[in-house]
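So the sequences go chain by chain: A and B. First residue of the first sequence? That's 1 in the numbering used here, and the numbers climb one at a time after it. First residue of the second sequence? That's 1 in the numbering used here, and the numbers climb one at a time after it.
Treat the hints as calculated values from the structure; they're not laboratory data. In this text, all values refer to a predicted model and were calculated from it rather than measured experimentally. Keep in mind that the hints are not guaranteed to be accurate.
[Claimed, not checked] Okay, the calculated beta carbon distance ranges per label pair:
no.: 1; chain 1: A; residue 1: Pro66; chain 2: B; residue 2: Gly428; range: 41 to 47 Å
no.: 2; chain 1: A; residue 1: His13; chain 2: B; residue 2: Asp483; range: 30 to 36 Å
no.: 3; chain 1: A; residue 1: Asp64; chain 2: B; residue 2: Pro479; range: 23 to 29 Å
no.: 4; chain 1: A; residue 1: Glu61; chain 2: B; residue 2: Thr607; range: 38 to 44 Å
no.: 5; chain 1: A; residue 1: Gln36; chain 2: B; residue 2: Ala215; range: 51 to 57 Å
no.: 6; chain 1: B; residue 1: Ser612; chain 2: A; residue 2: Val70; range: 54 to 60 Å
no.: 7; chain 1: B; residue 1: Val380; chain 2: A; residue 2: His13; range: 43 to 49 Å
no.: 8; chain 1: A; residue 1: Asp73; chain 2: B; residue 2: Leu278; range: 43 to 49 Å
no.: 9; chain 1: B; residue 1: Asp483; chain 2: A; residue 2: Lys2; range: 57 to 63 Å
no.: 10; chain 1: B; residue 1: Lys392; chain 2: A; residue 2: Asp64; range: 45 to 51 Å
no.: 11; chain 1: B; residue 1: Lys316; chain 2: A; residue 2: Asn44; range: 43 to 49 Å
no.: 12; chain 1: B; residue 1: Gln156; chain 2: A; residue 2: Asp64; range: 44 to 50 Å
[As the list claims (entries may be wrong)] Mimicking BS3-like on lysine-lysine, the simulated pairs with C-alpha atoms at most 27 Å apart in a straight line are:
no.: 13; chain 1: B; residue 1: Lys576; chain 2: A; residue 2: Lys2
no.: 14; chain 1: B; residue 1: Lys212; chain 2: B; residue 2: Lys222
no.: 15; chain 1: B; residue 1: Lys139; chain 2: B; residue 2: Lys378
no.: 16; chain 1: B; residue 1: Lys583; chain 2: B; residue 2: Lys572
no.: 17; chain 1: B; residue 1: Lys271; chain 2: A; residue 2: Lys6
no.: 18; chain 1: B; residue 1: Lys481; chain 2: B; residue 2: Lys583
no.: 19; chain 1: B; residue 1: Lys316; chain 2: B; residue 2: Lys286
no.: 20; chain 1: A; residue 1: Lys2; chain 2: B; residue 2: Lys271
no.: 21; chain 1: B; residue 1: Lys556; chain 2: B; residue 2: Lys613
no.: 22; chain 1: A; residue 1: Lys6; chain 2: B; residue 2: Lys481
no.: 23; chain 1: B; residue 1: Lys378; chain 2: B; residue 2: Lys222
no.: 24; chain 1: B; residue 1: Lys212; chain 2: B; residue 2: Lys225
no.: 25; chain 1: B; residue 1: Lys378; chain 2: B; residue 2: Lys426
no.: 26; chain 1: A; residue 1: Lys6; chain 2: B; residue 2: Lys286
no.: 27; chain 1: B; residue 1: Lys613; chain 2: B; residue 2: Lys271
no.: 28; chain 1: B; residue 1: Lys139; chain 2: B; residue 2: Lys316
no.: 29; chain 1: B; residue 1: Lys378; chain 2: B; residue 2: Lys392
no.: 30; chain 1: A; residue 1: Lys40; chain 2: A; residue 2: Lys6
no.: 31; chain 1: B; residue 1: Lys222; chain 2: B; residue 2: Lys316
no.: 32; chain 1: B; residue 1: Lys318; chain 2: A; residue 2: Lys6
no.: 33; chain 1: A; residue 1: Lys40; chain 2: B; residue 2: Lys481
no.: 34; chain 1: A; residue 1: Lys6; chain 2: B; residue 2: Lys583
no.: 35; chain 1: B; residue 1: Lys318; chain 2: B; residue 2: Lys271
no.: 36; chain 1: B; residue 1: Lys572; chain 2: B; residue 2: Lys392
No residue lacks a Cβ here, since even glycine has one placed at the ideal position from N, Cα and C.
Letter by letter, the chains look like this.
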Amino acid sequence: MKITFKLYATLQHLLPAHAVDNAVEVEVEKDISLHQVIDKFSVNRADAHLVLVNGRYFDCEGRDEPGVLVEGDVVAVWPPVAGG
Amino acid sequence: MAWTRQILRVNLTEGTCIAEPLNMDWANQYLGQRGLATRYLVEEVDPKVDALAPENKMIMATGPLTGTMASTGGRYSVITKSPLTGAVACSNSGGFFGAELKNAGWDMIIFEGKAASPMYLHIENESATLVDASDLWGKSCWETDELLHAKHQDPQIRVACVGRSAESGCLYSAIINDLHRAAGRSGVGTVMASKNLKAVSVRGTLGVGNIKDPARFMKSVKAGKKVLAENPVTGEGLPALGTQVLMNVINEVGAMPTRNMQEVQFEGASKISGEAMLEPRASDGKPNLTRNGGCFACTIACGRISTIDREHFSVKDKPQYWGNSGGLEYEAAWALGSDTGVDDLDALTYVNFICNEDGMDPISFGATVAAAMELYEKGVITTQHTGGMELKFGSAEALCWAVEQSATGEGFGADINLGSRRLCEKYGRPELSMTVKGQEFPAYDPRGIQGMGLTYATSNRGACHLRGYTVSSEILGVPEKTDPLTTDGKAGLVKAFQDATAAVDSAGLCIFTTFAWSLDDISPQIDAACDGDWSPERLVEVGERVWQLERDFNMKAGMTGADDTLPDRLLKDAAKTGPASGKVCELGNMLPEYYQLRGWSADGNLTAETRSKFGLPS
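Given the sequences, and given the hints that come with them, work out the whole structure.
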């Protein structure tokens with residue numbers, strides 16, 4: 001299935017060159033976990049502080065669970081960030 | 001130094017500058033800066049005073065750690081009654097001015113009265129003189145800064161001043177120091193100009209002293225800096241992307257106020273984000289961002305120093321704007337960008353430059369233009385009002401035109417300079433003003449971040465993110481993640497953020513340290529610098545006392561619990577997209593519990609018991 005993967009801030013250099021607006025479409029297995037998605041882009045799991053699926057925060061505890069994503073989901077990842 | 005124990009009282013009516021001792025009883029209760037200056041304001045100003053009358057006073061105040069080696073210890077605040085809100089105004093700025101003032105030997109300056117003609121105050125250590133400023137009146141902040149440096153032949157003086165917008169009565173004018181740092185919100189610059197005070201220039205060479213335990217202070221300061229350096233937010237994220245890192249985050253979570261808060265996500269967010277500022281542009285291969293920049297003593301250095309594409313329409317024929325300058329910060333980028341629907345990064349950078357050059361708060365300016373754009377699209381404002389300009393959402397041309405109008409107050413600029421509330425009232429559509437207590441919202445839609453709805457509704461200076469930044473917890477997971485879409489526990493969360501923030505604002509430190517520091521990191525630094533015992537618990541108590549005092553001023557000024565609310569758009573019109581889709585801000589679920597935690601009556605008044613608990617003046 002296809003999902004969209006977004007990577008931001010000090011992690012954005014890990015995106016492939018064809019990424020547009022910090023996003024790439026990627027083909028993944030249906031039973032993939034969030035950690036496995038993150039691994040595909042060589043993001044250190046400890047750096048993936050803010051993980052959003054369709055804009056909603058996804059807790060650390062569930063990131064090893066398989067099959068949490070469906071076709072068309074948008075996964076967005078940030079390291080620890082803040083501003084104001 | 002900790003407190004210099006000396007304040008400067010400048011009577012502009014009489015033309016006098018008189019030193020007097022700092023009230024140390026109040027310093028022990030309110031610490032410094034925000035809290036201590038508010039205590040002076042409460043003592044000396046009738047809360048019902050016309051904010052632009054000579055009877056209002058304006059205080060520039062440092063904190064005990066301002067001018068020390070504590071990281072970020074360079075802050076000062078401007079405290080007065082706001083002409084925009086009618087509430088207490090307290091605007092905090094970085095740069096180098098505050099530290100210079102402290103190094104000249106002053107904890108604060110109280111300005112009272114009104115000069116008969118334009119003046120500026122020049123300080124060289126203990127010497128303070130009011131000087132004729134006829135030649136500066138009518139000049140921008142940038143020209144004023146340059147002229148004062150040339151006049152005094154001293155590259156090291158620091159200047160805080162107002163621009164042409166304040167002179168023309170713009171109600172959201174800022175005080176600009178060091179060219180691009182601002183005491184930005186609530187119209188503190190408007191008050192300064194109303195006193196015929198154009199600028200304050202200061203040179204301080206007295207150095208650091210008066211620290212209670214210098215060895216312990218340096219040890220705790222060093223420990224604090226280590227925490228900031230090793231934290232991924234303050235050590236890496238903020239220097240690299242600045243506050244603008246939030247643009248994509250807040251849009252993704254569906255809390256990006258867009259087109260006068262009609263929507264919660266902006267399709268052009270990625271084009272005006274911190275990431276976009278790093279992208280090389282087509283014309284010259286250079287990115288918008290030149291480098292980061294730090295304020296006095298800051299070891300975070302989140303500031304953005306940027307350039308505009310010389311080929312961009314806004315500056316093509318204006319080489320004076322080809323150099324680099326301050327911005328964009330997230331709050332400016334949001335208000336000038338998504339709220340007006342403009343996704344042109346160079347246009348936003350130009351508009352931000354002009355806001356700095358002539359001293360406008362870019363949040364209030366952008367949000368007011370957004371309201372004007374909605375009025376235009378609804379046919380209420382027409383090209384007859386604007387002199388032909390089509391004030392459509394998404395028009396970078398209209399935005400750049402509007403900022404030039406606002407800078408001088410000419411033409412339609414006089415309407416924009418009213419701020420959103422008065423503009424919408426003037427055109428008979430008050431419900432379109434996205435304000436609380438008359439002040440425009442910052443960059444977080446409370447339908448998507450529920451706690452921020454309570455923060456805004458109860459903020460003592462009107463809609464503001466810097467009075468209790470629960471975004472940190474609700475979205476960013478600092479220090480702990482909470483659910484942004486629920487109201488459970490938010491009353492306590494908001495109160496805790498508000499009290500801690502008031503303490504930090506009273507110390508002379510930057511609130512951004514709290515992304516890494518808790519009060520356990522801050523307390524040893526204050527405790528080693530200042531006489532007395534400054535435990536984390538005492539700092540929380542001070543913070544809450546400051547909050548109660550500000551609230552008391554506002555209630556005496558005529559506000560009531562009914563002012564603790566949000567525009568109907570946020571309470572009744574559900575978000576249309578994103579995670580908050582279908583949700584409104586459930587303020588009513590949080591407010592009663594908040595009042596209870598504050599020790600206020602059900603209608604929001606301070607009880608006698610609460611007044612007594614915090615030793616508030618009668």
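Structure-based check of all given hints:
1. A:Pro66 - B:Gly428: 41 to 47 Å: 58 Å, violated
2. A:His13 - B:Asp483: 30 to 36 Å: 31 Å, holds
3. A:Asp64 - B:Pro479: 23 to 29 Å: 24 Å, holds
4. A:Glu61 - B:Thr607: 38 to 44 Å: 43 Å Cβ-Cβ, so the 38 to 44 Å window holds.
5. A:Gln36 - B:Ala215: 51 to 57 Å: Given range 51 to 57 Å: holds, Cβ gap about 52 Å.
6. B:Ser612 - A:Val70: 54 to 60 Å: 58 Å, holds
7. B:Val380 - A:His13: 43 to 49 Å: Holds, since Val380 of chain B and His13 of chain A (Cβ atoms, about 48 Å apart) stay within the stated range.
8. A:Asp73 - B:Leu278: 43 to 49 Å: 27 Å, violated
9. B:Asp483 - A:Lys2: 57 to 63 Å: This hint is violated: roughly 29 Å between Cβ atoms.
10. B:Lys392 - A:Asp64: 45 to 51 Å: Given about 49 Å between the Cβ atoms, the range holds.
11. B:Lys316 - A:Asn44: 43 to 49 Å: About 44 Å separates the Cβ atoms of Lys316 of chain B and Asn44 of chain A, which means 43 to 49 Å holds.
12. B:Gln156 - A:Asp64: 44 to 50 Å: 57 Å, violated
13. B:Lys576 - A:Lys2: 25 Å, holds
14. B:Lys212 - B:Lys222: Given that 27 Å is the threshold and the Cα spacing comes to 17 Å, the pair holds.
15. B:Lys139 - B:Lys378: Roughly 36 Å separates the two Cα atoms, so the pair is violated.
16. B:Lys583 - B:Lys572: Judged against 27 Å, a Cα distance of about 9 Å means the pair holds.
17. B:Lys271 - A:Lys6: At roughly 15 Å apart (the allowed maximum being 27 Å), Lys6 of chain A and Lys271 of chain B satisfy the hint.
18. B:Lys481 - B:Lys583: OK: Lys481 of chain B and Lys583 of chain B at ~20 Å, within 27 Å.
19. B:Lys316 - B:Lys286: 16 Å, holds
20. A:Lys2 - B:Lys271: 25 Å, holds
21. B:Lys556 - B:Lys613: 19 Å, holds
22. A:Lys6 - B:Lys481: OK: Lys6 of chain A and Lys481 of chain B at ~21 Å, within 27 Å.
23. B:Lys378 - B:Lys222: 57 Å, violated
24. B:Lys212 - B:Lys225: Status holds; Cα separation ~20 Å.
25. B:Lys378 - B:Lys426: With a Cα-Cα distance of about 15 Å, the restraint between Lys378 of chain B and Lys426 of chain B holds, given a limit of 27 Å.
26. A:Lys6 - B:Lys286: 24 Å, holds
27. B:Lys613 - B:Lys271: Outside the cut-off at roughly 51 Å; violated.
28. B:Lys139 - B:Lys316: The given pair, whose Cα atoms are some 23 Å apart, holds under the 27 Å limit.
29. B:Lys378 - B:Lys392: Since the Cα atoms of Lys378 of chain B and Lys392 of chain B sit roughly 10 Å apart, the hinted pair holds (cutoff 27 Å).
30. A:Lys40 - A:Lys6: 12 Å, holds
31. B:Lys222 - B:Lys316: Status violated; Cα separation ~47 Å.
32. B:Lys318 - A:Lys6: Violated. Lys318 of chain B to Lys6 of chain A sits at ~38 Å, over the 27 Å cutoff.
33. A:Lys40 - B:Lys481: 26 Å, holds
34. A:Lys6 - B:Lys583: 25 Å, holds
35. B:Lys318 - B:Lys271: Roughly 24 Å between the alpha carbons, so the hint for Lys318 of chain B and Lys271 of chain B holds.
36. B:Lys572 - B:Lys392: 25 Å, holds
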